[in-house]
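S.K.: One-letter residues, chain by chain:
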Amino acid sequence: MNPNILEELRGILGPHGLISSSEELRTYECDGLTNFRVIPSAVVLPDSTEQVQAVVRVCHRERIPFVARGSGTGLSGGALPVAGGIVICLARMKRILEVDLANARVVVEPGVINLEVTGRVASANFFYAPDPSSQSVCSIGGNVAENSGGAHCLKYGFTTTHVLGLDVVLPDGSLVHLGSKTLDAPGYDLAGVFVGSEGTLGIATKIILRIVKRPECVRTLLAAFHSTNEAGAAVSGIIATGMLPAAIEMMDNLAIQAAEAAVHANYPNCGGLLLVELDGPVAEVDALMAHVDEICRQNGAWEIRVAQSEAERALVWKGRKAAFAAMGRISPNYIVQDGVIPRTSLPQILNEIKELSAETGLRVANVFHAGDGNLHPLVLYDRRVPGQEKAAERLSERILELCIEKGGSITGEHGVGEEKKHMMSKMFAEPDLDTMQRVRCAFDPLQLSNPTKVFPRTRLCGDKPGEYVPHPLETAGIAERY
Amino acid sequence: MAERFRPASRTEADGIGEVLRAIVGPEHVRLATEVDAVAGVVPLVVVEPADERQTASVLRCANQAGLAVIPCGGGTKLDWGNPSRQADVVLSVRRLNQVIEHAWADLTVTVEAGCTVAQLQRTLAQHGQRLAVDPLWPERATIGGILATNDSGTLRLGYGALRDLIIGVTLALADGTIASSGGKVVKNVAGYDLPKLATGSLGTLGVITRAVFRLHPLPRNTRTLTIAVGDADAMQRVILSILGEQLAPAAVQARDGNVDILLEGTLDGIAAQESVIKKFGEVREGSPAVWKAREDLWPSSGAGPIVKFTTLPSRISAAAAPLSRFVIQATGIGYARFDGDVQELRAAMERDGGSLMILGATKLDAWGSPGDSLPLMRAVKEQFDPKGTLNPGRFVGGI
Ligand SMILES: Cc1cc2nc3c(=O)[nH]c(=O)nc-3n(C[C@H](O)[C@H](O)[C@H](O)COP(=O)(O)OP(=O)(O)OC[C@H]3O[C@@H](n4cnc5c(N)ncnc54)[C@H](O)[C@@H]3O)c2cc1C
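If you read the sequences in order, they're chains U and P.
Remember, my numbering sits 768 above the position in the first sequence when you count from 1.
Remember, my numbering sits 6 above the position in the second sequence when you count from 1.
Next up, chain U with everything else stripped away, as it sits in the complex (with noise of 0.2 Å):
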């Protein structure tokens, strides 16, 4: 990088602010996706939104490219740098800015952690609702860029149900407030725009989030089943009574072996878990969780474990929490995914992966968000093995393949970022992703904002647009897509 551009940055930032020796620089070459390595040309640590601004500026007169970094835990290369552009971590702006327990509101930088909102109201009854598994460490603007969810997200809503306003520095450097703290702001939606753009449309300075009051009590019920069909009809069963759990999770024996190795749950040896949690008044939980039970054992379920304590109940989560971390234990190598059908299509797609795994060899193991039809499969491998990566990617696209061929989606949580952009044009028609791509060009039209992320390919954006050309496909009517 220009050196008079890293000087003027490190005007901006201070010493300490700025990251360019090539060996610092490695820290930063990937996010949780780790088969993906590009090392940027300069690291900035800002600690506030005016350097944040100063910064984006200088790129914006460069035209240098910049990403956006919270914690670097994604799954999808998100935060992946861009070859000869500059990251900007968002780590050092960590403050929780405002308590408003009245409202039931707090204001926090981007860089605060996932659990520690919760950990900052939890006094007063209050959470924080989105619950990533990765939420000990990754960001609120990790979470805001991914629209990240977690377990709890089946009654409570994702990421952006809990969003309701922002502030964010676009890609020219100007500030905007997206959203207020009250609902309905005037105007288009553009806070709802903004989470889940995967960093391509500014970077969130500060976030206003919503928290949750406490329900009275939560209770967890663990369930084995012989198989996970067994358990994917009572999953139907409890969804058919009119009942929303806060959770429904289940895990194959492939999962529950490499859970028990790395954090002894206790889970018992079965061929379908289910981990179902109710929470809300005592009286109303207490009846519903009668019919569970009764709905668990009609499905064949062997064995049936309330948590009785805290305690059981952590440990209970731990284990699922831990899944991932856990294919360690049993494999050298995975890839995780992030499929989601409609969820009736789980028995389905389950005995399709088990016969993709069978006609290459490769083990898969399954975590999912049963109740909303997010599976997590884990495509495990050896990379020492010549030939298993690529058969491991295969396997792991075509399970994405079936997905869309549910008519679900290639991405729950996780987001699109590097790693899946050419998905994309599987699951969407091109007028589709050219419509998305005008939002791209109203926040970015220079396409500074991570770019080459999300999507396979890049609308180009005038100054104004001119009188937009139909696709051929479009014209003779065949792109019309649900």
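Treat the hints as calculated values from the structure; they're not laboratory data.
Here the structure is a predicted model, which means the values were calculated and not measured.
Warning: the hint list may mix true and false statements.
Stated by the list, open to error - Calculated cross-link-like contacts (lysine-lysine; reagent style DSS-like; alpha-carbon spacing at most 27 Å):
1. U:K1158 - U:K1189
2. P:K284 - U:K981
3. P:K369 - U:K981
Chain P with the ligand: place on chain U using the hints.
M.R.: This is chain P with the ligand only, laid out in the frame that chain U set:
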């Protein structure tokens, strides 16, 4: 009455009519009359396409010809927003009224924009489900209309707003592009969240042709409780007390010296919650009709416009102080008929971090200021509808 850019002539209307008739069939185009006026502006023609593709073709034609299009559903809130700068074609999606797929086992529905809310709810109820919203005038209001005007209703407290329930949308853009985003599954982060962009955009970015929603089961039991409150402070206290407990009310609203609470769920759960709520005042069984209290603001001959305002829950009593006829939801969204100085009221709400929107045409700007994000909103409009074909001038800041 707003000024027209171009004087409409009968021959001009005939010319447009002919082109549109070729697209949608002669029986689905008619010349407009005074009764079709939208916020005081009389359009040239009213056209009712049969499907998504025809909708897109109508738009493309109008766009090329420089005609302004007013998308329209049930027409219940057609006068919300500012008067159109120009209005040539009223595009009614009335015929796009099918429930395309109720995937009840997956708790989702795909529905066309012209389907009325009530019709959708009746279809969903066959499988014991609902879209958990209670907007105004459900028998006439359409899905497209409630989305465009962002009218969720009182259930928002318990189930979230339309923005939280919509999971997919298809838009016909001014240039004739048909574009879908989101999908059919409740969890999905692939691509930008255009369903949220469309929600509340008042038809200024595209015509919503269909939407996909996540659904909820119909409640096993419901009970409405009402507590009489003496003054605004007591009202505020009761609302905050209820929110402060570990309860799960589906809706809470204040009106005319009363606070209403909607409980849903098992009988045991409802009874237990009721016993907690009793601490806050004398509770009596309320009528389910109270949840339509918002609608009662309209037909009365009361003076002054109806406004929607937003405030923080802790500022509800302050917001209510200058109002006499109002309904305020515990989320901080309120509706009132107000015959005082609306500008002054808006300024007060904005000072408090809230906003005020006028529902219906007046001489004043309907929206108030979106602050420093207005240029960005204009840029979005410019990308979606560069010629200003859709509802020109009706949205914030003259968008
Ligand atoms: C073991 C493990 C378990 C996980 N479990 C879950 C899970 O259950 N659910 C789930 O949803 N995810 C999960 N993840 C994925 C990941 O933790 C989330 O995507 C998380 O939100 C990323 O946060 P981060 O701070 O690490 O962001 P990063 O990885 O640093 O960045 C993610 C994206 O956000 C952008 N970004 C970061 N900060 C900002 C900002 N301030 N403004 C604009 N853009 C910004 C980046 O450019 C990038 O595109 C898991 C990851 C791991 C490693």
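S.K.: Indicate, hint by hint, whether the structure satisfies it.
M.R.: For each hint, the structure was consulted:
Taking the CA atoms of U:K1158 and U:K1189, the gap is near 18 Å; set against the 27 Å cutoff, the hint holds. Between P:K284 and U:K981, the direct Cα distance comes to roughly 20 Å. Compliance with the 27 Å bound is thereby established for this hinted pair. Using a Cα cut-off of 27 Å, the hinted pair P:K369 and U:K981 is violated, with the two alpha carbons roughly 42 Å apart.
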